[in-house]
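Each protein sequence line maps, in turn, to chains A and B.
Counting with our numbering, you get residues 1 to 55 for the letters of the first sequence.
Counting with our numbering, you get residues 1001 to 1400 for the letters of the second sequence.
Please note: incorrect hints may appear among the correct ones.
What the hints assert, rightly or not - DSSO-like, lysine-lysine: derived pairs with alpha carbons at most 30 angstroms apart:
{"hint": "1", "chain 1": "A", "residue 1": "Lys47", "chain 2": "B", "residue 2": "Lys1196"}
{"hint": "2", "chain 1": "B", "residue 1": "Lys1177", "chain 2": "B", "residue 2": "Lys1146"}
{"hint": "3", "chain 1": "A", "residue 1": "Lys3", "chain 2": "B", "residue 2": "Lys1177"}
{"hint": "4", "chain 1": "B", "residue 1": "Lys1147", "chain 2": "A", "residue 2": "Lys3"}
{"hint": "5", "chain 1": "A", "residue 1": "Lys47", "chain 2": "B", "residue 2": "Lys1146"}
{"hint": "6", "chain 1": "B", "residue 1": "Lys1146", "chain 2": "B", "residue 2": "Lys1214"}
{"hint": "7", "chain 1": "B", "residue 1": "Lys1196", "chain 2": "B", "residue 2": "Lys1177"}
{"hint": "8", "chain 1": "B", "residue 1": "Lys1375", "chain 2": "B", "residue 2": "Lys1196"}
{"hint": "9", "chain 1": "B", "residue 1": "Lys1214", "chain 2": "B", "residue 2": "Lys1196"}
{"hint": "10", "chain 1": "B", "residue 1": "Lys1357", "chain 2": "B", "residue 2": "Lys1196"}
{"hint": "11", "chain 1": "B", "residue 1": "Lys1177", "chain 2": "B", "residue 2": "Lys1214"}
{"hint": "12", "chain 1": "B", "residue 1": "Lys1375", "chain 2": "B", "residue 2": "Lys1177"}
{"hint": "13", "chain 1": "B", "residue 1": "Lys1214", "chain 2": "A", "residue 2": "Lys47"}
{"hint": "14", "chain 1": "A", "residue 1": "Lys3", "chain 2": "B", "residue 2": "Lys1214"}
{"hint": "15", "chain 1": "A", "residue 1": "Lys3", "chain 2": "B", "residue 2": "Lys1146"}
{"hint": "16", "chain 1": "B", "residue 1": "Lys1147", "chain 2": "B", "residue 2": "Lys1196"}
{"hint": "17", "chain 1": "A", "residue 1": "Lys47", "chain 2": "B", "residue 2": "Lys1177"}
{"hint": "18", "chain 1": "B", "residue 1": "Lys1196", "chain 2": "B", "residue 2": "Lys1361"}
{"hint": "19", "chain 1": "B", "residue 1": "Lys1361", "chain 2": "B", "residue 2": "Lys1177"}
{"hint": "20", "chain 1": "B", "residue 1": "Lys1021", "chain 2": "B", "residue 2": "Lys1214"}
{"hint": "21", "chain 1": "B", "residue 1": "Lys1361", "chain 2": "A", "residue 2": "Lys47"}
{"hint": "22", "chain 1": "B", "residue 1": "Lys1021", "chain 2": "B", "residue 2": "Lys1146"}
{"hint": "23", "chain 1": "A", "residue 1": "Lys3", "chain 2": "A", "residue 2": "Lys47"}
As the list claims (entries may be wrong) - Derived list of chain B stretches under chain A, where covered just means 3 residues or more per stretch with a C-beta under 8 angstroms from a C-beta of chain A:
{"hint": "24", "segment": "1309-1318"}
{"hint": "25", "segment": "1342-1356"}
Stated by the list, open to error - Far from chain A by the CB rule (all over 12 angstroms, computed), these chain B residues:
{"hint": "26", "residue": "Tyr1067"}
{"hint": "27", "residue": "Pro1099"}
{"hint": "28", "residue": "Gly1250"}
{"hint": "29", "residue": "Asp1372"}
{"hint": "30", "residue": "Tyr1390"}
Bear in mind the hints are in silico, worked out from the structure with no lab data behind them.
Ideal Cβ placement from N, Cα and C applies to all residues, glycine included.
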Amino acid sequence: MAKYRCPGCGYTYNENDGDVREGYPPGTPFAALPEDFVCPDCAVRYKEDFELAEA
Amino acid sequence: MTTTYTVDDPVKGRIEYSDRKRYLWMSSLFMPLFPMLGIALYYLFDSQWMLVLPLVFSYCVIPVLDYVIGSDTDNPPEEIVPQLDEDRYYRILTWLTVPMHFIVLIGIAWFVGTQDLTLWSVLALAITAGSYSGLGINTAHELGHKKPAFERLLAKVVLAVPAYGHFCIEHNRGHHKDVATPEDPASSRMGESIYKFVLREIPGAFRRGWDVEKERLSRQGRSVWSVHNDILQSYAISAVLQGGLIIAFGWIMVPFLAIHNFWAWYQLTSANYIEHYGLLRAREASGRYERCQPYHSWNANYIFSNIVLFHLERHSDHHANPTRRYQSLRNFEGLPELPNGYYGMYVLAYIPWLWYKVMDKRLLELPHINGDLGKVNIDPDRREEILRRYGKGQGEALAV
Ligand SMILES: [Zn+2]
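With the sequences and hints as input, model every part of the structure.
The structure is reproduced here in structure tokens:
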């Protein structure tokens, strides 16, 4: 599964782990995150700003 | 004893930097002495007048010191920022300020609860305690933006002192996303006085914080009334702390704590009022607002008040890099600049006609606005009046 990285602060969304605190269970694909997803750490980068860090 | 950071940059060669403010940041540990100073002097001179001195210090002496001591020329190079951010010395100082906020509130409450004081003295002490707890919100702001869970926990704990547990969620997820737009209850509009702003800001912030937390919990499949609710956790600490003070020191604590809490919140309102006054992000064709730019925040680069506020006044860099640590925040030339530090600007904001006189001109003269009222966040109730006054006949086109 892939990892996506916030270009602003470096937060990384790992599809394997999801983000449980944010309510995205392990295995949630990045594409399945809501369209208005913002970076949970800095909140100034949107879903479309995220970069593929590792396929 | 200085710490020098070096980096070998492929283009710029060797860059060296040592932080001249390194030890000045320790003053955050001595800050509690100011609210306590009035009490010490009261015993020394046996006069209740001494109890107003900490307020005189905050709202009169700090602005003068900012004026006299002036700007801070120290600016870490961008290449050094990662090393400076990692230096643990700085973060430990913010951790240590957390217990101080509990000690000061309990100390002042004890004094109010056990001494025979006039009503005016109780009022002065409640405001003094509130302004120090306002600094506690500033500490929570620094901690709440950081990634380590421990620091976010400390933010939640220190927010309990002024009973403002929803702040970090509302600020990080709400304000940073919506800053400098008409939708943001924590960005003030041109022509909006602080007394009008506070009625929009305090309830708006509460609602937005609660909604964001409710949404997060619902994604987890939990109710908002859950022990996992970060806001309720902080409020629970507030209930224990403030309830305990009422039990210990009696009913005088009810008005004392009400004024204390309000004044702490109002310090935050004051900061929010001056940080983005009138600034507006443009709407892009997609309907989304442009990304927050450095010219969407008002800055102040005065050395004294910046030390008091953990560099909060270097506000543009904070919005560009919200997780960056205070010691690494940078100043830039050519940004919207306030004519005094935050404390001096708070006092100015409390006198609306004087605020407009100083700030409206400054706002319209910003290079990216250059008199174009279409690029200003204007109070809708005063839009026509402002267009008539500053619009130079282009009001029709601008009233979109
Ligand atoms: Zn981010």
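A quick look at each hint next to the structure:
no.	hint	verdict
1	A:Lys47 / B:Lys1196	violated (35 angstroms)
2	B:Lys1177 / B:Lys1146	holds (16 angstroms)
3	A:Lys3 / B:Lys1177	holds (23 angstroms)
4	B:Lys1147 / A:Lys3	holds (18 angstroms)
5	A:Lys47 / B:Lys1146	holds (20 angstroms)
6	B:Lys1146 / B:Lys1214	holds (22 angstroms)
7	B:Lys1196 / B:Lys1177	holds (23 angstroms)
8	B:Lys1375 / B:Lys1196	holds (22 angstroms)
9	B:Lys1214 / B:Lys1196	holds (28 angstroms)
10	B:Lys1357 / B:Lys1196	holds (17 angstroms)
11	B:Lys1177 / B:Lys1214	holds (17 angstroms)
12	B:Lys1375 / B:Lys1177	holds (19 angstroms)
13	B:Lys1214 / A:Lys47	holds (21 angstroms)
14	A:Lys3 / B:Lys1214	holds (27 angstroms)
15	A:Lys3 / B:Lys1146	holds (21 angstroms)
16	B:Lys1147 / B:Lys1196	violated (35 angstroms)
17	A:Lys47 / B:Lys1177	holds (13 angstroms)
18	B:Lys1196 / B:Lys1361	holds (21 angstroms)
19	B:Lys1361 / B:Lys1177	holds (27 angstroms)
20	B:Lys1021 / B:Lys1214	violated (41 angstroms)
21	B:Lys1361 / A:Lys47	violated (38 angstroms)
22	B:Lys1021 / B:Lys1146	holds (21 angstroms)
23	A:Lys3 / A:Lys47	holds (13 angstroms)
24	1309-1318	violated (count 0)
25	1342-1356	violated (count 0)
26	Tyr1067	holds (33 angstroms)
27	Pro1099	holds (26 angstroms)
28	Gly1250	holds (41 angstroms)
29	Asp1372	holds (25 angstroms)
30	Tyr1390	holds (31 angstroms)
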